[in-house]
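Student: Sequence:
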Amino acid sequence: MKKLLAATAASALFAGVASADEVKIGVLLGFTGPIESLTGSMATAAEAAMKEVSDSGIFMGGSTVTSIRADSTCIDSAAATAAAEKLVTSDKVAGIVGADCSGVTGAVLSNVAVPNGIAMISPSATSPALSTAEDNGLFFRTAPSDAREGEIAGMIMAERGIKSAAITYSNSDYGKGLAEAIQKGFEAQGGTVTISAAHEDGKADYSAEVAALAAAGGDILVVAGYVDQGGSGILRASVDTGAFSLFELPGGMISDTLTQNVPEGLNGSFGQVPGNDSPGLKTLGDMSGGAFDVSSPYTPESYDAAALMLLAMAAANSTNSADYAPKIMDLANAPGEKIYPGELKKALEIINGGGDIDYVGGSAVELIGPGESAGNYREIEVKDNKIETVKYR
1 MKKLLAATAA
11 SALFAGVASA
21 DEVKIGVLLG
31 FTGPIESLTG
41 SMATAAEAAM
51 KEVSDSGIFM
61 GGSTVTSIRA
71 DSTCIDSAAA
81 TAAAEKLVTS
91 DKVAGIVGAD
101 CSGVTGAVLS
111 NVAVPNGIAM
121 ISPSATSPAL
131 STAEDNGLFF
141 RTAPSDAREG
151 EIAGMIMAER
161 GIKSAAITYS
171 NSDYGKGLAE
181 AIQKGFEAQG
191 GTVTISAAHE
201 DGKADYSAEV
211 AALAAAGGDI
221 LVVAGYVDQG
231 GSGILRASVD
241 TGAFSLFELP
251 GGMISDTLTQ
261 NVPEGLNGSF
271 GQVPGNDSPG
281 LKTLGDMSGG
291 AFDVSSPYTP
301 ESYDAAALML
311 LAMAAANSTN
321 SADYAPKIMD
331 LANAPGEKIY
341 PGELKKALEI
351 INGGGDIDYV
361 GGSAVELIGP
371 GESAGNYREI
381 EVKDNKIETV
391 KYR
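Take 1 as the starting number for the sequence shown in the working numbering and just add one per residue.
A portion of the hints provided could be inaccurate.
[Unchecked claim] Below, in silico cross-link-like pairs of lysine-lysine (DSS-like), each with a Cα-Cα straight-line distance of 25 Å or less:
1. K92 <-> K327
2. K24 <-> K346
3. K24 <-> K51
4. K51 <-> K327
Derived from the structure by calculation, the hints contain no laboratory data.
Let the sequences and hints guide you as you build the complete structure.
Tutor: Right, here's the structure in full:
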């Protein structure tokens with residue numbers, strides 16, 4: 001990723017427009033669409049960080065933070081771009097937490113964020129292609145790249161004795177990139193991929209797709225799709241026809257709605273989703289008060305995305321993206337005093353006093369070269385029709 005850190009005329013026009021006493025942050029997530037069951041928790045967690053900073057009373061001379069939600073739809077790049085344009089031009093946000101799904105995130109980055117000089121921190125866009133996107137130093141993500149998830153998935157399948165796998169993936173940037181990464185990771189472990197085929201979201205019947213996958217065979221079916229869309233449709237058709245009895249489930253499939261959508265036939269299936277067992281995760285869960293679920297995918301990453309953005313503004317003493325974006329990598333990594341959820345006031349005190357922090361947050365944040373998470377994963381398994389965590393990696 002080319003971190004050019006160029007201050008543009010557009011950034012001066014738009015990124016510094018927040019008034020002295022109100023800083024607006026866009027929360028651009030798919031409140032409708034194939035991951036809508038995840039985004040409520042994600043948005044609420046991000047807004048919890050904003051409230052924590054506002055309540056500190058010491059952010060940017062006593063400024064408050066306001067969340068402006070907008071719907072990315074997850075899959076409609078035109079709609080996501082329009083929503084982002086409104087955030088920037090009408091709502092005058094100083095930064096965007098989001099987007100969520102990889103395709104819409106890339107569209108918003110190239111069509112809105114870069115032209116207008118607005119920083120983005122995505123908590124969930126995982127396509128490897130985003131690692132090399134032209135971003136002028138404005139794009140970061142608290143989620144790891146799918147390149148890392150592919151390695152993890154390959155290791156898990158190998159450790160569980162899987163020798164061959166069929167792969168189906170959502171016909172989207174997310175699905176394609178993830179399928180390629182999982183195939184590479186599995187083959188590196190000596191596994192064989194019998195078929196890798198796309199499926200379209202939004203269909204009522206996936207029997208034809210499942211028949212083709214079954215004809216190719218495999219010890220397991222990898223479903224690199226969306227839990228509230230075609231991914232669950234593929235699972236239901238597979239279970240109903242007996243085509244597969246074991247499934248590998250990547251992050252986009254891990255949600256409480258999984259076993260609601262497919263109430264039978266998933267026991268023994270397994271997968272992985274970004275997650276950790278750090279002290280920060282427990283703290284975030286304790287302070288949530290039930291308002292959000294830290295075990296829901298990308299929820300801790302959402303809190304961390306908002307927190308990092310606001311702490312960077314404090315460190316730069318500016319809401320201008322060109323000023324604060326260069327601070328994000330420094331704040332997310334050592335050296336400095338470790339900062340966990342619930343300690344944002346403490347972080348602001350240190351920053352205001354000229355000290356250094358190492359933001360750890362709820363997802364054990366460590367950002368590497370292209371401004372993305374180094375990658376911690378939670379291995380899950382479906383037991384008695386419930387998703388259970390079995391290991392952290």
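Student: Evaluate each hint against the coordinates.
Tutor: Going through the hints against the structure:
Between the alpha carbons of K92 and K327 the distance comes to roughly 21 Å, so the proposed pair stays at or under 25 Å and holds. A distance of roughly 22 Å separates the Cα atoms of K24 and K346; the hinted pair therefore holds under the 25 Å criterion. At most 25 Å may separate the alpha-carbon atoms for a hinted pair to count; K24 and K51 meet this at roughly 12 Å. Taking the CA atoms of K51 and K327, the gap is about 21 Å. The hint holds against a cut of 25 Å.
Violated hints are absent here; each numbered hint is respected by the structure.
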